[in-house]
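Let the hints inform the model, and build the full structure from the sequences given.
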Amino acid sequence: MGIRLYQEPHLENPILVASWPGIGNIGIIAVDTLRGMLEAEEFGEIEPWDFFYPKRAVIHKGVLEYLEFPDNKFYFKVIQGKELLFFVGEEQPTEGGRVYAEGKKACHMTELVLDVAEKFKCRRIYTSGAAVALTHHTTKPRFWAVPNSESLISEIREYGNTVLMSDIEGRGGHGNITGLNGLLLGVAKKRGFEAICLMGEIPVYLRGLPLYYPKASKSVLEALSHSLKIEVNLDQLDELDQRVQRRIEEFYQQIPLAIRGQLDKLKHVTYDKPAGPGPITEEEKKRIMEDVERFFKKRGEGG
Amino acid sequence: MSKEYPVKIHKELELRQSSLVLGWGEDLGNLGGKVTDCLNRKLKGQEFAEIEPDDFFSLGGVTIEDNLAQFPESKFYVCSERDLVVFRSNSPGAGWCKFLNSILDVAEHHCQVEELYIIGAMISFSAHTAPRQLFTVVNLAEIKEVLNQYDLVRDMDYQTPPGEKPTLNSFLLWIAKGRNIPGVILGVPIPFYLAAMEDPQAQKKVLSFLNERLDLKIDFSDVDQEIREQNEQLTRARSLFPEIDDYINRLESNLTLSEEENGELIKKIEEFLREEG
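If you read the protein sequences in the order shown, they are chains V and L. Numbered per the numbering used here, the first sequence spans residues 1 to 303. Numbered per the numbering used here, the second sequence spans residues 304 to 580.
It should be emphasised that the hints constitute simulated quantities derived from the structure, not laboratory data. One should not assume that every hint holds.
Derived EDC-like pairs (lysine to aspartate or glutamate); straight-line CA-CA distance at most 20 Å [said to hold, decoys possible]:
#	chain 1	residue 1	chain 2	residue 2
1	V	Lys-121	V	Glu-90
2	L	Lys-468	V	Asp-115
3	V	Lys-105	L	Asp-357
4	V	Lys-189	V	Glu-231
5	V	Lys-61	L	Asp-357
6	V	Lys-105	V	Asp-115
7	L	Lys-468	V	Glu-47
8	V	Lys-55	V	Glu-95
9	V	Lys-55	L	Asp-460
10	V	Lys-77	V	Glu-45
11	V	Lys-82	V	Glu-155
12	L	Lys-401	V	Asp-50
13	L	Lys-468	V	Glu-95
14	L	Lys-468	V	Glu-250
15	L	Lys-314	L	Asp-386
16	V	Lys-61	L	Asp-386
17	L	Lys-401	V	Glu-47
18	V	Lys-104	L	Asp-357
19	L	Lys-401	V	Glu-95
20	L	Lys-480	V	Asp-115
21	L	Lys-480	V	Glu-95
22	L	Lys-480	V	Glu-65
23	L	Lys-347	L	Glu-384
24	V	Lys-265	V	Asp-291
25	L	Lys-468	V	Glu-90
26	L	Lys-480	L	Glu-448
27	L	Lys-571	L	Glu-555
28	V	Lys-229	V	Glu-83
29	V	Lys-61	L	Glu-555
30	L	Lys-345	L	Glu-515
31	V	Lys-55	L	Glu-384
32	V	Lys-105	L	Asp-454
33	V	Lys-121	V	Glu-65
34	L	Lys-311	L	Glu-411
Remember, it's a predicted structure, so these values are computed and weren't measured experimentally.
Following this line, the structure appears as C-alpha cells:
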C-alpha cells in the first residue's frame with residue numbers, strides 16, 4: 001500500500017492543493033476546475049486497493065479484465081514561475097459505514113499525501129471543503145478559512161470575502177472540520193507544514209441534498225486565485241452554477257410558504273459579529289434552524 | 304505467516320499441491336455455505352486455520368439466527384484424501400483487501416494451492432423448474448482453456464452497472480490474478496423466490512462440477528433427496544394456492560411478473576416452505 005510516481009518533476013518549492021469530495025462537492029469542484037484549467041500533468045497516485053472497495057468490474061468473454069478503483073491522483077504544473085502540485089481524491093476512505101474518513105485508514109492516506117509534499121519540498125498546503133452556514137442560495141457565499149498556524153491569519157484577512165472562525169458569533173473561534181479536508185490540516189501541522197483549509201459556504205437547507213454547489217466552489221477558487229496569484233477564468237463554474245441554481249430554485253419552491261418566508265430572511269444575514277442590531281435576530285435564526293430541521297425530517301419520513 | 308495478516312494456524316499441512324474451494328455464509332440461497340458444508344461433511348474436512356475477525360467484522364454485539372447467537376467465522380478446512388482445502392466464511396464488512404490477501408496467504412504458503420474456485424449465487428427471474436446453469440468467470444486465460452471440456456457458460460460479458468459495486472468474489476479473483484493464482488468464480492442463478500431459502504438444485508450444479516473437475520468421488524444421494532423434497536413441496540404449494548401456480552406458470556412461459564407480483568410470490572413461497580419445515 002503506497003505511492004506510485006510515474007515521473008519525478010524537478011520542483012524547488014511547490015504549493016500543494018488537495019481535495020476530496022464532501023458536502024456539495026464544493027472543495028473538489030474548485031480544485032479540480034483549477035487543475036483542469038491549468039492543464040496540470042498527472043505524475044502519480046496513491047495505490048487504492050487497501051483504502052477502497054472497487055467501483056467497477058469489467059468481464060469480457062468470461063475473463064475478469066480489470067477492476068476499477070476510485071482515483072487518488074497527483075498532478076503538477078509550473079505556471080508563471082509558480083510550482084503547483086494537486087492531489088485529487090475521488091472518494092474519502094471510510095470505515096464502518098461512516099460518511100467521512102476517520103481512523104487508521106484516513107490517517108494513513110493523509111500521511112501518504114504529505115509524504116509526497118515532503119518529497120517535493122512543499123512550502124504550503126491548501127485543502128478545501130464546505131462550511132454549512134445560515135446563508136441563502138441567492139447570495140454570494142463567503143469562504144471560511146482555517147489555518148494551522150497563527151502566522152497565516154494576517155495573510156488570510158487580506159483575501160477578501162473571508163470569514164475566520166473568530167468572526168462567527170457564538171463560536172469563540174472554535175469549530176471542527178470533518179473528514180480528510182480537515183484531517184490533512186492537522187497532520188500537516190504535526191509534520192511542520194503550513195496549511196490553510198478554505199471552505200465555501202453552503203446554505204444550511206441544502207446540506208443534505210445530493211447537489212453540487214458550484215456557487216461556493218467559485219468563492220473558494222477566487223480565494224485560491226488570490227492567494228496563488230494566478231488568474232482564473234470562472235466561466236465554466238458560472239455555467240454549472242446557473243444550471244444548479246435552477247434546480248435549487250425548483251426545490252426551494254416546494255418548501256412550504258411559511259418556512260420559505262423564514263428562509264428568505266437569510267438573504268439579509270450577516271453571520272459574523274454584527275456591529276449593531278442586525279437585520280435578523282438570534283431568535284429568528286434559531287427558529288429558522290428548527291423549521292429547516294422539522295421540514296427535512298418530515299420530508300425524510302415521507303420518503 | 305506475515306504478522307500483518309491476522310491468521311491463526313492450528314495445524315501445519317503437508318500438501319504438495321491443492322485446490323481451494325471458497326464459499327460465503329451469506330450467499331443467496333445459502334449456496335456457498337451449503338456447498339462448503341457438504342464438501343466438509345462428505346470429505347471429512349478438518350479445520351486447520353482461521354482468520355481472526357477483529358479487523359473485518361463489526362463486533363459491537365452478536366446477531367441471532369434461528370434462535371442462536373452467531374459470531375463471524377472465517378475457517379479453513381483440509382480434506383486430505385483429495386488434496387482439497389475449503390474456506391467457509393461470513394462476508395467481511397471492512398478491510399476487504401487485507402482479508403482477501405489473508406485467504407490467499409494461507410492458500411499459497413500453507414496449502415500450495417494451484418487453483419481457486421469461488422462459489423457465488425446470482426438472482427434469476429426464471430422458474431425453479433428451469434435447469435440450473437453454471438456461469439464461470441476466470442482471471443487467467445490458461446484456466447479458461449481447462450474449463451472448455453465442462454458444461455459451463457464461459458463467455459459472459461459484464462460491466463458493473465452505475466450505482467452498483469463489484470462483488471467480493473470479483474475482488475478476490477482480481478487479487479488472485481495479481482498473485483498469478485488461477486481462479487474461477489462458479490456462479491449459479493437462483494430463482495428469486497428461493498434466494499432467501501435454499502436451492503439444492505443449485506448446490507448440486509456446483510458440486511457436480513467440482514466432483515468432476517477435482518475427482519472428489521462424492522455420493523449425491525442426499526442432495527438428490529433434498530431436490531426431490533423441495534420439488535414436491537413446491538408442487539404442493541402450486542396445487543394449494545392457485546395464485547402461486549399462476550405466477551410460476553407465467554415464469555415458465557418466459558413472461559415477466561410485476562415488481563408487486565414478484566414480492567407476493569416470494570412472500571407466499573417463503574411462508575409455505577417455512578411452515579413445511
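Hint check results:
1. About 25 Å separates the Cα atoms of Lys-121 of chain V and Glu-90 of chain V, which puts this hinted pair outside 20 Å; it is violated.
2. Of the pairs offered as hints, the one joining Lys-468 of chain L and Asp-115 of chain V is violated, with about 30 Å between alpha carbons and a cut-off of 20 Å exceeded.
3. For the given pair, Lys-105 of chain V sits about 15 Å from Asp-357 of chain L by alpha-carbon distance, which is consistent with the 20 Å threshold.
4. With a CA separation close to 29 Å, the supplied pair Lys-189 of chain V and Glu-231 of chain V exceeds the 20 Å bound.
5. With a CA separation close to 38 Å, the supplied pair Lys-61 of chain V and Asp-357 of chain L exceeds the 20 Å bound.
6. Restraint check: the Cα-Cα separation between Lys-105 of chain V and Asp-115 of chain V comes to about 15 Å, which is no more than 20 Å; the hinted pair holds.
7. Taken as a hint, the Lys-468 of chain L and Glu-47 of chain V pair is honoured in the structure, with Cα atoms around 19 Å apart against an allowance of 20 Å.
8. Straight-line distance between C-alpha atoms of Lys-55 of chain V and Glu-95 of chain V comes to about 16 Å, which keeps the hinted pair within the 20 Å bound.
9. The hinted pair formed by Lys-55 of chain V and Asp-460 of chain L meets the criterion: a straight-line CA distance of about 17 Å does not exceed 20 Å.
10. Restraint check: the Cα-Cα separation between Lys-77 of chain V and Glu-45 of chain V comes to about 16 Å, which is no more than 20 Å; the hinted pair holds.
11. For the given pair, Lys-82 of chain V sits about 18 Å from Glu-155 of chain V by alpha-carbon distance, which is consistent with the 20 Å threshold.
12. Taken as a hint, the Lys-401 of chain L and Asp-50 of chain V pair is honoured in the structure, with Cα atoms around 7 Å apart against an allowance of 20 Å.
13. The straight-line distance between the Cα atoms of Lys-468 of chain L and Glu-95 of chain V is roughly 16 Å, inside the 20 Å bound, and the hint therefore holds.
14. Taken as a hint, the Lys-468 of chain L and Glu-250 of chain V pair is broken in the structure, with Cα atoms around 32 Å apart against an allowance of 20 Å.
15. With a C-alpha separation of about 15 Å, the suggested pair Lys-314 of chain L and Asp-386 of chain L falls inside the 20 Å cut-off, and the hint holds.
16. This hinted pair does not check out: Lys-61 of chain V and Asp-386 of chain L have alpha carbons roughly 30 Å apart, beyond 20 Å.
17. A C-alpha spacing of about 14 Å is found between Lys-401 of chain L and Glu-47 of chain V, which places the hinted pair at or below 20 Å, so the restraint holds.
18. Straight-line distance between C-alpha atoms of Lys-104 of chain V and Asp-357 of chain L comes to about 14 Å, which keeps the hinted pair within the 20 Å bound.
19. This hinted pair checks out: Lys-401 of chain L and Glu-95 of chain V have alpha carbons roughly 14 Å apart, not beyond 20 Å.
20. Simply put, Lys-480 of chain L and Asp-115 of chain V have alpha-carbon atoms about 30 Å apart, too far for the 20 Å limit, and the pair is violated.
21. Of the pairs offered as hints, the one joining Lys-480 of chain L and Glu-95 of chain V is violated, with about 26 Å between alpha carbons and a cut-off of 20 Å exceeded.
22. Restraint check: the Cα-Cα separation between Lys-480 of chain L and Glu-65 of chain V comes to about 10 Å, which is no more than 20 Å; the hinted pair holds.
23. Simply put, Lys-347 of chain L and Glu-384 of chain L have alpha-carbon atoms about 9 Å apart, close enough for the 20 Å limit, and the pair holds.
24. Only pairs whose Cα atoms come within 20 Å are accepted, and Lys-265 of chain V paired with Asp-291 of chain V is accepted, the gap being roughly 13 Å.
25. For a cut-off of 20 Å, the pair hint linking Lys-468 of chain L to Glu-90 of chain V stands: about 15 Å separates their Cα positions.
26. Between Lys-480 of chain L and Glu-448 of chain L, the direct Cα distance comes to roughly 16 Å. Compliance with the 20 Å bound is thereby established for this hinted pair.
27. Restraint check for Lys-571 of chain L and Glu-555 of chain L: satisfied, since their Cα atoms lie roughly 18 Å apart, inside the 20 Å limit.
28. Proximity of Lys-229 of chain V to Glu-83 of chain V is assessed by CA-CA distance (about 12 Å); at most 20 Å being required, the pair is judged to hold.
29. A hinted pair counts as satisfied when its Cα atoms are at most 20 Å apart, and Lys-61 of chain V with Glu-555 of chain L does not qualify at roughly 28 Å.
30. For the hint linking Lys-345 of chain L to Glu-515 of chain L, the alpha-carbon distance of about 15 Å falls within 20 Å, and the restraint holds.
31. Pair hint Lys-55 of chain V plus Glu-384 of chain L does not hold up; C-alpha atoms about 40 Å apart against a cutoff of 20 Å.
32. Between Lys-105 of chain V and Asp-454 of chain L, the direct Cα distance comes to roughly 44 Å. Violation of the 20 Å bound is thereby established for this hinted pair.
33. For the suggested pair Lys-121 of chain V and Glu-65 of chain V, the alpha carbons sit about 38 Å apart, so the restraint of at most 20 Å is broken.
34. Between Lys-311 of chain L and Glu-411 of chain L, the direct Cα distance comes to roughly 15 Å. Compliance with the 20 Å bound is thereby established for this hinted pair.
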